[in-house]
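Engineer: Chains as they are written, first to last, in this note's numbering: chain Y, 1 to 509; chain V, 1001 to 1266; chain C, 2001 to 2305.
If you're looking for bench data, these hints aren't it; they were derived computationally from the structure. Fair warning: this is a prediction, and the values are worked out from it, not measured in the lab. Note that beta-carbon positions come from the ideal geometry of N, C-alpha and C, so glycine has one too. Take these hints with a grain of salt, some might be off.
Selected chain V positions facing chain Y (Cβ under 8 Å, derived; list incomplete) [said to hold, decoys possible]:
id: 1; residue: N1120
id: 2; residue: L1125
id: 3; residue: F1208
id: 4; residue: P1213
id: 5; residue: D1226
List of simulated lysine-lysine pairs, DSS-like, C-alpha gap at most 30 Å [to be verified]:
id: 6; chain 1: C; residue 1: K2045; chain 2: Y; residue 2: K399
id: 7; chain 1: C; residue 1: K2045; chain 2: Y; residue 2: K152
id: 8; chain 1: Y; residue 1: K84; chain 2: Y; residue 2: K454
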Amino acid sequence: MRGLRSALAVSLVLGLLAAAPAGAQDRVRSKEVVLGLGAEPRTMLAVTIVDWTTNTQLEHVYDRLLDRDPKTLRPRPMLATGWKIVNDTTWEFTLRRGVKFHNGEPFDAQSVKATMDYLKNPASKSHYAAYWRLVKEVQIVDPYTVRFVTEKPWPSLIDRASLTDFLVLPAKALRELGPEKLNQHPIGTGPFRFVEWKRDERLVLERNPDYWQGPADVARVTFRFIPEFSARMAALLSGEIDVMKDVPPHVLEAVERSGRAKIRAAVSSRINYLALVNLKPGPMQDLRVRRALNHAVNVDELIAQVLKGRATKICGPLSPANVDYAPVECYTYDPQRAAALLREAGHDPAKLQLTLDTPSGRYPLDKDVSLAIAAQLQRLGIKVNVVVNEWGTHLDKIKNRNTGDMFFLGWGPAVFGQGVVEPLFQANQTYSSYGNNKVINEKIARAITIVDPKGRAAAYAELQGLAHEEAAWVPLWQQHDLYGVASHVEWTPRADEKVWMYEARVVAR
Amino acid sequence: MKKYLGGGVTLAVLLVAVLAPWLAPHDPLRADLVQSLRPPGTPGHWLGTDQLGRDVLARVLHGARLALFIGGCTVLLTAVVGGLLGLVAGFVERWPSAALMRIADVQLSFPFILLAMTINAIVGLGLRNIILSLSAAGWVVYARVVRGEVLSVKQREYVHAAAALGVGRVRLLFRHVLPNVAPSIVVVASLQFSQFVVAEAAISFLGFGVQPPTPAWGSMLSESRDFLYVAWWLAAFPGAALALTALGVNLLGDWLRDRLDPKLRV
Amino acid sequence: MRAYIASRLVQTALVVFLSLTAVFGMVRLSGDPVLLFMPMDIQAKDVNEFRERLGFNDPLAVQYARFIAGAAHGDFGESLRYRSDAMTLVLERLPATLLLGSTALVLTLVIAVPLGVLSAVRRDSLLDHVGTLATVLGQATPGFWLGLMMIYLFSVQLRWLPTGGRGSLAHLVMPSIVLAAFFAARIARLTRSAVLDVLGEEYVLTARAKGLGEGRVIGKHTLRNAAIPIVTLAGLEAGQLLGGAVITETIFAWPGLGRLTVQALLNRDFPVVLAAVFLISVLYTLINLTVDLLYGWLDPRVRLQ
Chain Y
1 MRGLRSALAV
11 SLVLGLLAAA
21 PAGAQDRVRS
31 KEVVLGLGAE
41 PRTMLAVTIV
51 DWTTNTQLEH
61 VYDRLLDRDP
71 KTLRPRPMLA
81 TGWKIVNDTT
91 WEFTLRRGVK
101 FHNGEPFDAQ
111 SVKATMDYLK
121 NPASKSHYAA
131 YWRLVKEVQI
141 VDPYTVRFVT
151 EKPWPSLIDR
161 ASLTDFLVLP
171 AKALRELGPE
181 KLNQHPIGTG
191 PFRFVEWKRD
201 ERLVLERNPD
211 YWQGPADVAR
221 VTFRFIPEFS
231 ARMAALLSGE
241 IDVMKDVPPH
251 VLEAVERSGR
261 AKIRAAVSSR
271 INYLALVNLK
281 PGPMQDLRVR
291 RALNHAVNVD
301 ELIAQVLKGR
311 ATKICGPLSP
321 ANVDYAPVEC
331 YTYDPQRAAA
341 LLREAGHDPA
351 KLQLTLDTPS
361 GRYPLDKDVS
371 LAIAAQLQRL
381 GIKVNVVVNE
391 WGTHLDKIKN
401 RNTGDMFFLG
411 WGPAVFGQGV
421 VEPLFQANQT
431 YSSYGNNKVI
441 NEKIARAITI
451 VDPKGRAAAY
461 AELQGLAHEE
471 AAWVPLWQQH
481 DLYGVASHVE
491 WTPRADEKVW
501 MYEARVVAR
Chain V
1001 MKKYLGGGVT
1011 LAVLLVAVLA
1021 PWLAPHDPLR
1031 ADLVQSLRPP
1041 GTPGHWLGTD
1051 QLGRDVLARV
1061 LHGARLALFI
1071 GGCTVLLTAV
1081 VGGLLGLVAG
1091 FVERWPSAAL
1101 MRIADVQLSF
1111 PFILLAMTIN
1121 AIVGLGLRNI
1131 ILSLSAAGWV
1141 VYARVVRGEV
1151 LSVKQREYVH
1161 AAAALGVGRV
1171 RLLFRHVLPN
1181 VAPSIVVVAS
1191 LQFSQFVVAE
1201 AAISFLGFGV
1211 QPPTPAWGSM
1221 LSESRDFLYV
1231 AWWLAAFPGA
1241 ALALTALGVN
1251 LLGDWLRDRL
1261 DPKLRV
Chain C
2001 MRAYIASRLV
2011 QTALVVFLSL
2021 TAVFGMVRLS
2031 GDPVLLFMPM
2041 DIQAKDVNEF
2051 RERLGFNDPL
2061 AVQYARFIAG
2071 AAHGDFGESL
2081 RYRSDAMTLV
2091 LERLPATLLL
2101 GSTALVLTLV
2111 IAVPLGVLSA
2121 VRRDSLLDHV
2131 GTLATVLGQA
2141 TPGFWLGLMM
2151 IYLFSVQLRW
2161 LPTGGRGSLA
2171 HLVMPSIVLA
2181 AFFAARIARL
2191 TRSAVLDVLG
2201 EEYVLTARAK
2211 GLGEGRVIGK
2221 HTLRNAAIPI
2231 VTLAGLEAGQ
2241 LLGGAVITET
2251 IFAWPGLGRL
2261 TVQALLNRDF
2271 PVVLAAVFLI
2281 SVLYTLINLT
2291 VDLLYGWLDP
2301 RVRLQ
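In isolation and in its complexed conformation, chain Y is listed as follows (with noise of 0.2 Å):
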């Protein structure tokens, strides 16, 4: 019996032992950097659903038709090396050559059609059919170069292209095996290839010998799915995992204290702003009244001691990361100015009462700078119910324009001009809380067009400054992008947000 016992403690301890996952010396040693996130891809297969997450791993196995310059956030090649543009409605791109997938099979001409096939099949249901909804077809003029025909001119074609709205599918695969397939295995010319994905736990992926720009530092990627924020912080400050997002700004002591992390921002091109309703009948249809409460939001102190520093004022509504953005004058702290304004506009200050709706989670301490700007409105004798919502319902709200009179949103990442003015300053589209100017709307519908980039900076330029006269949000602040990042990782983040293994490198300590 003892004998027994004694047997069933030590197989226990072993058992115990045995299987612990490799420890992060020994991740040093086999270079292999372990990502915690939150969720796990919602698929494998390319431009198929717009996802940060999915598209996150997606990256690491597929390559972009172009990339964007880390730094100035401009279109650069990838697998396409020139683009030029041949006429008002045609875009030519010069594709790299000697690239293959991960079955051998060469990239060319023939893949990024097949890709644009692909997503524009309504069988695929692919959301990036909307995206590339004005292009008629991809033409292959020879094995190395392709064009892409437009309906209408569409100068920003350039920056979807540049974003993770084409990852290319291989067409020789994507036939033969079919996208049910390819999505339990994909196959793309990335500097990663696929290993396993267990679902709910990890995704794995190993390096790309043969990558077109030289293999990759990090042997292998793993990707596990933590969903709980203080598990993911508590694998971080255990050594479990190298890679973590959103570290919220009043750990981030804690954090580098630790001794095995250290934090590694970016300013990210994510927005964050508070949206004044002028969609439906309220105090914010007064033009006024927003500007009054321009005057009374203190941007900079919610940046400094709900944020602890951590986030980048923005005055109008395109930030210094986009391309269309021209400088716009703030709209100074004045809570004089704001009441004087109300009293003009018929509200006493003390007897007024607004709601303002908000998310909780989120974006960063999206509930506490919501409680926070109605402190501040409180200074002034204004009442502000905050009302917090589950992010399903805050949609809704939104879309059928249920919200109270204001609400707090995010939006990105917000690399270009179009991608912000169209969908959220007229009254047509679902997240707007603006809309109904005509002078607006014509504008916005002529800058879309303008191919020449200083006419295109002119238009994006005095849309800006409209939409500041307007005041039509208060605009808030660029998003600081905060990673806990494993002290032998070297990586530095990018304000696009894309989270790209290729890029570290495994450093013994």
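Use these hints to put chains V and C onto chain Y, whose structure you have.
Structural biologist: Then chains V and C, alone, in the frame of chain Y:
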């Protein structure tokens, strides 16, 4: 022993709930951004402050009100609804009894969070949502227990005697059966009470909790998750208050059960 | 007997059907699903097109009929979020939840029942009081709080156990303890009161008078009779463990059914929600049936009904 500890703690919590506005040193809703995340022992904030600078002690004290309110309302609602249904089902038997059991099965087999979400879609977030959601999940226990009790009480001699004397069925139910079943309802109520207060924390965790800035222990605990590594006091004090209250009410309920109806199985 | 089982199975089918209908209605009520799985910068007309194609613009009755027709074959459609078959996704997660649930159940029984028995036998002793305290605290501690505290202590500070996920025995330790804590507390208290009641019965006094050893008194005579309410509660709890491990699975990143269901609900992924509810209600009612039958075996008096 039990009754002193249980009764004492419960009484204490009750007193705190009633006297909270006078006991609390600060306004629990007032945000003071400059004082965010101060540890316990900071002058003026004995238990520290949260991320918006609100005093933790004040919020914990006021939380007692909400705990009692949520627990009380939920217990009332579930006892009345579940109790009535159980009474009828146990008394009438046959198909209402089987129907009740199957409805209970249906309800128990779908996810609690779905109930909370549907109620959220109708009423929005907030206290009403929580009380309705918890009640929707909690009535089943009463129904089951009461039905069982009624089934057994029905067999007793005085009920047979009353029926033989020609007492009408409704009167039989309310004058003779109900008073004998009442103790079990009370006992279940006291034991469920603390569970509801704890369940509020679970609802907040899932995202359907109390609207800020209302201080409820459960939602305070849920919010403290994000600050676990930098502000342990945000979780410790509401958690302790929750545990203490649950302990007190539970012990009281145990003692009640020992006195009123030792054979009761909950 | 056979008639009883047959009638119960029919009732099971009814219960499952009602559950599905109720959930179908509730989930439709909770909001527009299309919004949540489409990117935010897609135009309204494209969103509408999607809605049309997926059949969400059809009248509710038509959608319901389509759903029931499919469900009868076990086809719950394609997940809105993942574009894979909904029932397959659900079934893939079941083994993990069963593993966690059964480990928690075993732990509960192994710890709670002896604790309850000992508390009853040594009533009002120190052990009893400590036991009462422990059980009440076990019920008063929210599961997520206990889980996070354990992760902090055992994973971050001590590095003994992993923070979550599945893989080895070590991964199973904390989640099953957290899951078991609440239920163990309940079962311990129930065991205690059940045993106390039985200990006062005449046949126990008789057994003692006959000079039987304490072990036999308790083991053979007491437990069998006390088992009835314990089994009932354990059965109820087992059902709860199935769908109710939501919080534990989320905190420990355990790839189970509870976590999938909650994510699907928050993402308004109807097909997956419905498939999950179907599975859970079938399993739950079957467990109830088993418990009722077991009940009959344990207590002959019940059989006569």
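Engineer: All hints are to be evaluated individually against the structure, with a verdict given for each.
Structural biologist: Cross-check of the supplied hints:
Annotation: interface hint on N1120/V holds; nearest CB of chain Y at approximately 6 Å, less than 8 Å. A cut of 8 Å between beta carbons decides the hint on L1125/V: the least distance to chain Y is about 6 Å, and the hint holds. Contact between F1208/V and chain Y, as hinted, is supported at the beta carbon level, the nearest pair being about 7 Å apart and thus within 8 Å. This hint holds: P1213/V has a C-beta 6 Å from the nearest C-beta of chain Y, less than the 8 Å allowed.
At about 6 Å, the closest approach between the beta carbon of D1226/V and any beta carbon in chain Y falls short of 8 Å, and the interface hint on this residue holds. The straight-line distance between the Cα atoms of K2045/C and K399/Y is roughly 13 Å, inside the 30 Å bound, and the hint therefore holds. This hinted pair checks out: K2045/C and K152/Y have alpha carbons roughly 18 Å apart, not beyond 30 Å. Of the supplied pair hints, the one linking K84/Y and K454/Y holds, its CA atoms being roughly 17 Å apart against a limit of 30 Å.
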